[in-house]
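**Q** All chains should be built: construct the whole structure from the sequences, respecting the hints.
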Amino acid sequence: MYVFSQVFVELNELLMDKNQEMHWKETARWIKFEEDVEEETERWGKPHVASLSFRSLLELRKTISHVLLDLDQKTLPGIAHQVVEQMIISDQIRAQDRANVLRALLLKHRLVSPLRISKKLLKDTPQFFGLHKTKSKHELKLLEKIPEDAEATVVLVGSVDFLDQPTMAFVRLQEAVLLESVLEVPIPVRFLFVLLGPPNANIDYHQIGRSISTLMSDKHFHEAAYLADERQDLLTAINSFLDCSIVLPPSEVGGDELLHSIARFQREMLHKRHEQEVKLQAKEPKSPEDTDDPLRRTGRLFGGVIRDARRRYPKYISDFKDALSPQCMATVIFIYFAALSPAITFGGLLGEKTDGLIGVSELIISTAVQGMVFCLLGAQPLLVVGFSGPLLVFEESFYSFCRSSEIEYLTGRLWIGIWLIIIVVLTVAFEGSFLVRFVTRFTQEIFSFLISLIFIYETFFKLGKIFMDHPLRSYASQTLNQPNTALLSLVLTAGTFFIAFYLRKFKNSAFFPGTLRRAIGDFGVPIAISTMVLLDYSIKDTYTQKLSVPDGFSVTSPDKRGWLIHPLGSDGQFPIWMMVASILPALLVYILIFMETQITTLIVSKKDRMLVKGSGFHLDLLIIVVGGGVSALFGLPWLTGATVRSVTHANSLTVMSKAVAPGDKPRIQEVKEQRVTGFLVALLVGLSIVIGDVLRQVPIAVLFGIFLYMGVMSLNGIQLTERMMLLFMPPKYHPDHTYVRKVRTLRMHLFTCLQLVCLAVLWAVMSTSASLAFPFVLVLTVPFRRFLLSRIFTHREIQCLDAEDAEPSLDDREGQDEYTEMQMPV
1 MYVFSQVFVE LNELLMDKNQ EMHWKETARW IKFEEDVEEE TERWGKPHVA SLSFRSLLEL
61 RKTISHVLLD LDQKTLPGIA HQVVEQMIIS DQIRAQDRAN VLRALLLKHR LVSPLRISKK
121 LLKDTPQFFG LHKTKSKHEL KLLEKIPEDA EATVVLVGSV DFLDQPTMAF VRLQEAVLLE
181 SVLEVPIPVR FLFVLLGPPN ANIDYHQIGR SISTLMSDKH FHEAAYLADE RQDLLTAINS
241 FLDCSIVLPP SEVGGDELLH SIARFQREML HKRHEQEVKL QAKEPKSPED TDDPLRRTGR
301 LFGGVIRDAR RRYPKYISDF KDALSPQCMA TVIFIYFAAL SPAITFGGLL GEKTDGLIGV
361 SELIISTAVQ GMVFCLLGAQ PLLVVGFSGP LLVFEESFYS FCRSSEIEYL TGRLWIGIWL
421 IIIVVLTVAF EGSFLVRFVT RFTQEIFSFL ISLIFIYETF FKLGKIFMDH PLRSYASQTL
481 NQPNTALLSL VLTAGTFFIA FYLRKFKNSA FFPGTLRRAI GDFGVPIAIS TMVLLDYSIK
541 DTYTQKLSVP DGFSVTSPDK RGWLIHPLGS DGQFPIWMMV ASILPALLVY ILIFMETQIT
601 TLIVSKKDRM LVKGSGFHLD LLIIVVGGGV SALFGLPWLT GATVRSVTHA NSLTVMSKAV
661 APGDKPRIQE VKEQRVTGFL VALLVGLSIV IGDVLRQVPI AVLFGIFLYM GVMSLNGIQL
721 TERMMLLFMP PKYHPDHTYV RKVRTLRMHL FTCLQLVCLA VLWAVMSTSA SLAFPFVLVL
781 TVPFRRFLLS RIFTHREIQC LDAEDAEPSL DDREGQDEYT EMQMPV
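Going by UniProt numbering, the first residue of the sequence shown is number 1, and it counts up by one from there.
For the record, the hints were derived by calculation from the structure and aren't laboratory data. Treat the hints loosely; a few may be bogus.
Said to hold, decoys possible - List time: in silico DSBU-like cross-link candidates among lysine-lysine, alpha-carbon distance up to 35 Å: (1) K672 <-> K606; (2) K732 <-> K672; (3) K321 <-> K540; (4) K732 <-> K742; (5) K606 <-> K505; (6) K465 <-> K540; (7) K321 <-> K46; (8) K732 <-> K505; (9) K74 <-> K219; (10) K353 <-> K272; (11) K32 <-> K540; (12) K32 <-> K353; (13) K25 <-> K46; (14) K315 <-> K540; (15) K272 <-> K108; (16) K505 <-> K560; (17) K353 <-> K219; (18) K672 <-> K46; (19) K32 <-> K742; (20) K540 <-> K505; (21) K613 <-> K672; (22) K62 <-> K46; (23) K353 <-> K540; (24) K46 <-> K272; (25) K465 <-> K606; (26) K505 <-> K607; (27) K546 <-> K315; (28) K321 <-> K353; (29) K560 <-> K613; (30) K219 <-> K742; (31) K606 <-> K540; (32) K46 <-> K32; (33) K321 <-> K505; (34) K505 <-> K465; (35) K613 <-> K219; (36) K315 <-> K46; (37) K560 <-> K465.
**A** Have a look at this one:
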């Protein structure tokens with residue numbers, strides 16, 4: 001398949017200076033959007049969408065008559081000489097005009113901001129920056145915004161008095177070449193467009209130059225220009241461009257109504273072009289990489305696990321090299337607290353629910369050990385393994401059952417762990433993970449929303465408990481001996497959340513240089529934690545509950561249990577029937593781990609994240625479940641792929657492209673796919689017991705703020721979240737998404753309400769005595785979507801609302817480096 005380079009377009013016009021000497025002056029450029037040189041100030045204006053006159057496009061179409069394709073020339077004089085000779089052969093100019101036209105083409109170029117250092121030199125030898133401090137910040141940023149593989153188009157238009165009729169040439173060079181003193185940036189030129197003619201010709205040279213420049217900046221046209229074999233191919237591409245363009249008749253109507261009608265009409269035309277592209281792509285043969293579906297069954301025992309290992313392990317060394325980045329270090333600090341917070345919070349809740357048999361110590365050690373093992377062996381190390389709300393619900397229910405049945409809880413968990421290993425080995429042997437295919441966006445979003453809701457709920461529930469234990473006091477009753485603990489805890493929680501939240505937004509602001517903004521944004525959560533800890537430390541006379549970190553590697557309740565759990569019970573009388581019957585609760589636990597881990601993998605591995613190393617549904621499930629089964633022998637909790645922490649981990653490792661057209665939105669350049677951040681996070685969580693004295697100075701309310709931050713931010717990118725907000729918006733304010741345009745509003749709201757009903761049922765089941773049935777109810781959302789919704793909604797509606805690539809997806813505002821700054825006039 002042909003690989004097309006990005007195109008940088010520069011428009012030069014033939015003008016006369018104050019000394020009455022002709023020269024080529026740079027007047028506009030395109031990096032997707034148009035930027036013009038302002039005549040009064042001689043500086044670049046604001047990037048904007050180019051608007052063209054219909055006549056100039058028609059004139060351009062009529063003008064393109066002389067096309068030179070794959071010209072084998074390496075210098076500007078050589079190209080100019082060849083172009084002039086072809087103009088004479090095609091009778092566009094007279095032979096006696098040869099010297100004048102050639103001289104015009106080789107006139108000096110006057111550039112607004114020339115830059116003569118190659119991008120590679122600037123990147124590989126930072127000391128060269130010192131030599132160019134006289135260069136403007138804008139010039140250096142422009143170089144960053146142009147993709148590495150970009151090739152240039154030079155457009156030369158103007159009027160001369162020695163020609164009787166217009167002459168033009170469209171040139172595609174066989175190889176892109178650097179033309180000295182022609183462009184303001186040192187990138188190779190692939191295309192040239194020349195248009196010269198008499199001043200009295202009934203054409204606007206400037207507008208035709210803008211038209212061809214805009215065409216060349218259009219992805220579809222410049223791809224056609226790369227593939228063109230003759231003039232007719234270019235004309236066909238112009239026709240295609242016109243098919244998606246809009247002609248506005250003369251009218252005094254303006255404002256938002258006009259913009260809305262234009263945008264809507266153009267969306268329809270662009271969608272038709274997109275549908276044609278999809279049909280053409282469907283006919284193209286797929287490469288082996290495209291058909292390597294990780295959920296495709298091999299038909300062999302353990303074939304999926306073997307394929308996962310063969311796909312992922314050859315990249316093992318790069319998994320450590322790719323971690324050499326400051327962004328990875330910032331991620332370690334952030335995710336460490338993001339992993340430690342649930343370990344301590346859920347550990348405390350576990351201790352309450354299980355009467356201290358499993359608590360903070362066990363959960364911290366389990367998170368550390370299983371996390372390190374998974375990061376070393378897993379196929380998708382971006383997953384963060386941890387405890388979750390649904391698992392807490394199961395533990396509470398199973399403990400209640402064991403206590404009422406007079407069965408040893410930890411021994412029962414041990415047999416559940418044994419059955420877990422048997423179940424996962426059988427599942428993986430027969431490639432059972434292919435069932436994930438049936439888990440559509442409908443179920444993914446319900447589950448993701450539920451997990452986020454648990455994080456948000458736990459924050460306010462724990463805060464509420466603090467308010468109950470330390471009620472607010474009136475001003476009259478307050479003394480220094482009776483500080484308001486509840487109010488300070490609220491301040492610490494809110495402060496941590498808002499500092500982290502707004503520092504993330506600060507990353508996209510126009511303040512400070514981009515490098516400093518990125519650093520502040522990347523370390524936003526550590527900054528928030530440090531600030532609130534210092535605030536709490538500075539208030540000496542106010543009590544706040546601190547982290548309850550165990551002292552050393554000991555179990556939570558040494559008087560009740562040891563590290564090893566005997567399979568026959570402490571008295572050797574564990575009932576045999578329960579050993580067999582444990583398969584039923586094991587199935588429940590397995591469903592929970594299977595659903596949460598696989599859904600998390602699906603979310604993390606979405607196509608729009610542009611992951612390149614692949615995932616391993618079979619291998620990861622095997623490692624997590626077997627690790628949990630073995631952990632039960634030591635009385636440690638089972639873990640799963642934690643959705644919120646994993647998505648946060650992947651987002652924090654996402655690198656946005658700096659090569660962004662001025663005024664355009666950044667796109668994902670890469671994700672730091674590596675094993676080091678997850679391993680270090682798990683290791684630090686384990687070492688938290690060693691540095692317990694330090695962590696005991698951290699207020700628990702600060703971790704509530706992190707809980708709230710992760711819960712709120714993980715709601716971004718969930719289509720259900722946006723459709724819930726649309727329930728309260730008039731249709732005229734609905735955003736421009738496919739499911740809004742193609743699905744009637746009431747039908748879209750019905751789909752949203754059905755998801756909310758499923759969410760409410762899951763929450764109700766989880767919060768009542770029927771909580772053991774939660775995994776089965778969660779699984780029932782799959783056939784509910786597959787069989788019932790298909791009868792309520794049409795196939796087209798389902799595709800718009802439940803397709804994997806339906807908007808919104810990954811929040812591309814995450815890490816939107818210097819977007820605002822590049823929109824501002826320089």
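**Q** Now tell me if each hint is right for this structure.
**A** Outcome of the hint check:
| no. | hint | in the structure |
| --- | --- | --- |
| 1 | K672 <-> K606 | holds, 15 Å |
| 2 | K732 <-> K672 | violated, 40 Å |
| 3 | K321 <-> K540 | violated, 45 Å |
| 4 | K732 <-> K742 | holds, 14 Å |
| 5 | K606 <-> K505 | holds, 24 Å |
| 6 | K465 <-> K540 | holds, 23 Å |
| 7 | K321 <-> K46 | violated, 40 Å |
| 8 | K732 <-> K505 | holds, 27 Å |
| 9 | K74 <-> K219 | holds, 26 Å |
| 10 | K353 <-> K272 | violated, 58 Å |
| 11 | K32 <-> K540 | violated, 57 Å |
| 12 | K32 <-> K353 | violated, 59 Å |
| 13 | K25 <-> K46 | holds, 19 Å |
| 14 | K315 <-> K540 | violated, 52 Å |
| 15 | K272 <-> K108 | violated, 45 Å |
| 16 | K505 <-> K560 | violated, 49 Å |
| 17 | K353 <-> K219 | violated, 59 Å |
| 18 | K672 <-> K46 | holds, 33 Å |
| 19 | K32 <-> K742 | holds, 28 Å |
| 20 | K540 <-> K505 | holds, 32 Å |
| 21 | K613 <-> K672 | holds, 10 Å |
| 22 | K62 <-> K46 | holds, 31 Å |
| 23 | K353 <-> K540 | holds, 33 Å |
| 24 | K46 <-> K272 | holds, 31 Å |
| 25 | K465 <-> K606 | violated, 38 Å |
| 26 | K505 <-> K607 | holds, 25 Å |
| 27 | K546 <-> K315 | violated, 42 Å |
| 28 | K321 <-> K353 | violated, 43 Å |
| 29 | K560 <-> K613 | violated, 46 Å |
| 30 | K219 <-> K742 | holds, 25 Å |
| 31 | K606 <-> K540 | violated, 48 Å |
| 32 | K46 <-> K32 | holds, 13 Å |
| 33 | K321 <-> K505 | holds, 30 Å |
| 34 | K505 <-> K465 | holds, 31 Å |
| 35 | K613 <-> K219 | holds, 28 Å |
| 36 | K315 <-> K46 | violated, 43 Å |
| 37 | K560 <-> K465 | holds, 28 Å |
The structure does not agree with the numbered hints 2, 3, 7, 10, 11, 12, 14, 15, 16, 17, 25, 27, 28, 29, 31, 36 stated previously, though it agrees with the rest.
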